[in-house]
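A.B. asks: So the sequence shown is residues 1039 to 1261, counted in my numbering.
Do not take every clue at face value.
[As the list claims (entries may be wrong)] Restricting the straight-line Cα-Cα distance to at most 27 angstroms, the calculated cross-link-like pairs of lysine-lysine (DSS-like) are:
hint: 1; residue 1: Lys1234; residue 2: Lys1222
hint: 2; residue 1: Lys1218; residue 2: Lys1245
hint: 3; residue 1: Lys1128; residue 2: Lys1091
hint: 4; residue 1: Lys1091; residue 2: Lys1124
hint: 5; residue 1: Lys1160; residue 2: Lys1234
hint: 6; residue 1: Lys1245; residue 2: Lys1234
hint: 7; residue 1: Lys1256; residue 2: Lys1234
hint: 8; residue 1: Lys1218; residue 2: Lys1256
hint: 9; residue 1: Lys1245; residue 2: Lys1256
hint: 10; residue 1: Lys1218; residue 2: Lys1234
Because the hints were derived from the structure by calculation, they are not lab data. Computed from a predicted model, the values in this text were never measured in an experiment.
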Amino acid sequence: GVHPHDATRALENPNLANTLESLVTSNRDVVAAVGECGLDYDRNFSAPSDQLKAFELQCELSLRVRLPLFLHERAAHEAFVGVLEKVNAKAASAAGAASNGVPSEAPWSALRGVLHCYTGEKADELARCVGLGLHFGITGWVVDERPGRGAGLAALVPSIPLDRLMVETDAPFLVPRNVKPTPKVNTPALLPHVAKAVADLYGMDAKEFGAATTRNAKAFFGL
1039 GVHPHDATRA
1049 LENPNLANTL
1059 ESLVTSNRDV
1069 VAAVGECGLD
1079 YDRNFSAPSD
1089 QLKAFELQCE
1099 LSLRVRLPLF
1109 LHERAAHEAF
1119 VGVLEKVNAK
1129 AASAAGAASN
1139 GVPSEAPWSA
1149 LRGVLHCYTG
1159 EKADELARCV
1169 GLGLHFGITG
1179 WVVDERPGRG
1189 AGLAALVPSI
1199 PLDRLMVETD
1209 APFLVPRNVK
1219 PTPKVNTPAL
1229 LPHVAKAVAD
1239 LYGMDAKEFG
1249 AATTRNAKAF
1259 FGL
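Put together the whole structure using the sequences plus the hints.
C.D. replies: As structure tokens, this is what we get:
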């Protein structure tokens, strides 16, 4: 996939959609998702117009190849959900028009995606994403107690349906600060510390919580 930071450069390829689809179809045995893709209006390393074009293109690809999206969103909630809703509406219309005898390999009629490294703090924005059927990946950000960091997310996390939740590290970034002494570089080996912190927010046993999020990930990615 094409990260929003790289959208402008990627669109220099006039056949970007075909290029990405070829990469997926020729590596279907190892490709589990389309992405990381989305919008990042926090840094705007690519022009917003290019980010929108590359994101919509990859959403449409996700439907065609029947793979979920691995999503990125920073400071772009309205535009982000707008793209998802637009693509879903087009897909639903197309599915309705071809409702008789639709083959099993037909494009999906709705997007499936996981919001990677979710850091949201607003209940209304979370509700809108839940309504779109999205899953949520929680990282060590949730245990960052410094001002302006993870407290807002920690308060919101228990509102995420458990069957939509996954945990991740975003290594080498976002070292979980409940690791003592706190290392300078994050690694996948620190995932249990993220899981324990989120399990506590749900009031769950860490082992049961880990089993639940593992089931979610396996089902989502078809593993």
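A.B. asks: Which hints, by number, does the structure contradict?
C.D. replies: 8
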